[in-house]
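**Student:** Sequence:
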Amino acid sequence: MKAALVFLFLALFVAAVHGASDCDPDGNGKPTCQSGNIGERFRNNWDPTRYWLCAEAGEPQVVLCDQTGYDPVSKECVSWSEWSWYPPCP
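Using the working numbering, the first residue of the sequence shown is number 4, and each one after it goes up by one.
These aren't lab readings, by the way, just hints derived from the structure by calculation.
The beta carbon of each residue, even a glycine, is placed where N, CA and C say it ideally should be.
Certain hints may be false.
Straight-line alpha carbon distances no greater than 25 Å define the calculated SDA-like cross-link-like pairs of lysine to any residue that follow [to be verified]:
#1 33 / 59
#2 33 / 62
#3 33 / 77
#4 78 / 42
#5 78 / 40
#6 33 / 66
#7 78 / 48
#8 78 / 43
#9 33 / 88
#10 78 / 88
#11 33 / 83
#12 78 / 29
#13 78 / 30
#14 33 / 78
#15 33 / 82
#16 78 / 91
Quick list of the computed label-pair ranges, beta carbon to beta carbon [said to hold, decoys possible]:
#17 40 / 87: 23 to 29 Å
#18 39 / 5: 34 to 40 Å
#19 25 / 70: 15 to 21 Å
#20 5 / 82: 20 to 26 Å
#21 84 / 59: 30 to 36 Å
#22 5 / 89: 38 to 44 Å
#23 85 / 61: 20 to 26 Å
#24 66 / 90: 18 to 24 Å
#25 82 / 61: 29 to 35 Å
#26 89 / 65: 47 to 53 Å
When you get a sec, could you build the whole thing from the sequences and use the hints?
**Tutor:** The structure is reproduced here in structure tokens:
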């Protein structure tokens, strides 16, 4: 029983480390658009006025928030008075 618990915690640790490695805080946040994320918006880590949109599988589109900033929490363009900076990799 103890061995099973140790194995479970080890598996969870490996999964957490692997999941965290998917985010590159120095990268631009450009996603790989696949069938599972079509229609999703992604933060552009280098430009707060733009975001990535996976409209179809393949290359993401760059969308400009006109005179506003992209909020990665609400995944919407918001006024600058509402906009806040968040670390790219939570």
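**Student:** All hints are to be evaluated individually against the structure, with a verdict given for each.
**Tutor:** To see whether the hints hold, each was checked on the structure:
1. Between residue 33 and residue 59 the alpha-carbon distance is near 14 Å, which keeps this suggested pair within the 25 Å criterion.
2. With a CA separation close to 9 Å, the supplied pair residue 33 and residue 62 stays within the 25 Å bound.
3. Note on residue 33 and residue 77: the hinted pairing holds, with a Cα-Cα distance of about 18 Å set against a maximum of 25 Å.
4. Only pairs whose Cα atoms come within 25 Å are accepted, and residue 78 paired with residue 42 is accepted, the gap being roughly 12 Å.
5. Restraint check for residue 78 and residue 40: satisfied, since their Cα atoms lie roughly 14 Å apart, inside the 25 Å limit.
6. Taken as a hint, the residue 33 and residue 66 pair is honoured in the structure, with Cα atoms around 12 Å apart against an allowance of 25 Å.
7. Only pairs whose Cα atoms come within 25 Å are accepted, and residue 78 paired with residue 48 is accepted, the gap being roughly 13 Å.
8. For the given pair, residue 78 sits about 9 Å from residue 43 by alpha-carbon distance, which is consistent with the 25 Å threshold.
9. Distance check on the hinted pair: residue 33 and residue 88 sit about 18 Å apart at the alpha-carbon level, within 25 Å; holds.
10. Distance check on the hinted pair: residue 78 and residue 88 sit about 13 Å apart at the alpha-carbon level, within 25 Å; holds.
11. For the suggested pair residue 33 and residue 83, the alpha carbons sit about 23 Å apart, so the restraint of at most 25 Å is met.
12. At most 25 Å may separate the alpha-carbon atoms for a hinted pair to count; residue 78 and residue 29 meet this at roughly 20 Å.
13. For a cut-off of 25 Å, the pair hint linking residue 78 to residue 30 stands: about 19 Å separates their Cα positions.
14. The suggested pairing of residue 33 with residue 78 holds, with an alpha-carbon distance near 15 Å, which does not exceed 25 Å.
15. Distance hint between residue 33 and residue 82 is fulfilled; the C-alpha atoms sit about 23 Å from each other, no more than 25 Å.
16. With a C-alpha separation of about 13 Å, the suggested pair residue 78 and residue 91 falls inside the 25 Å cut-off, and the hint holds.
17. Here the CB-CB span from residue 40 to residue 87 is close to 24 Å, well matched to the stated 23 to 29 Å.
18. The hint said 34 to 40 Å for the Cβ distance between residue 39 and residue 5, and at roughly 37 Å that hint holds.
19. In this structure the supplied range 15 to 21 Å is violated for residue 25 paired with residue 70, their Cβ-Cβ distance being about 32 Å.
20. Between residue 5 and residue 82 the CB atoms are about 55 Å apart, so this pair departs from the stated range of 20 to 26 Å.
21. Here the CB-CB span from residue 84 to residue 59 is close to 34 Å, well matched to the stated 30 to 36 Å.
22. For the pair residue 5 and residue 89, the supplied restraint of 38 to 44 Å holds, since their beta-carbon distance comes to about 40 Å.
23. A hinted range of 20 to 26 Å for the beta carbons of residue 85 and residue 61 is inconsistent with their spacing of about 32 Å.
24. Taking the beta carbon of each, residue 66 and residue 90 are about 22 Å apart, inside 18 to 24 Å as hinted.
25. Range check, residue 82 to residue 61: Cβ separation about 32 Å, and the 29 to 35 Å hint holds.
26. Taking the beta carbon of each, residue 89 and residue 65 are about 20 Å apart, not inside 47 to 53 Å as hinted.
Violated hints for the displayed structure, listed by number in ascending order: 19, 20, 23, 26.
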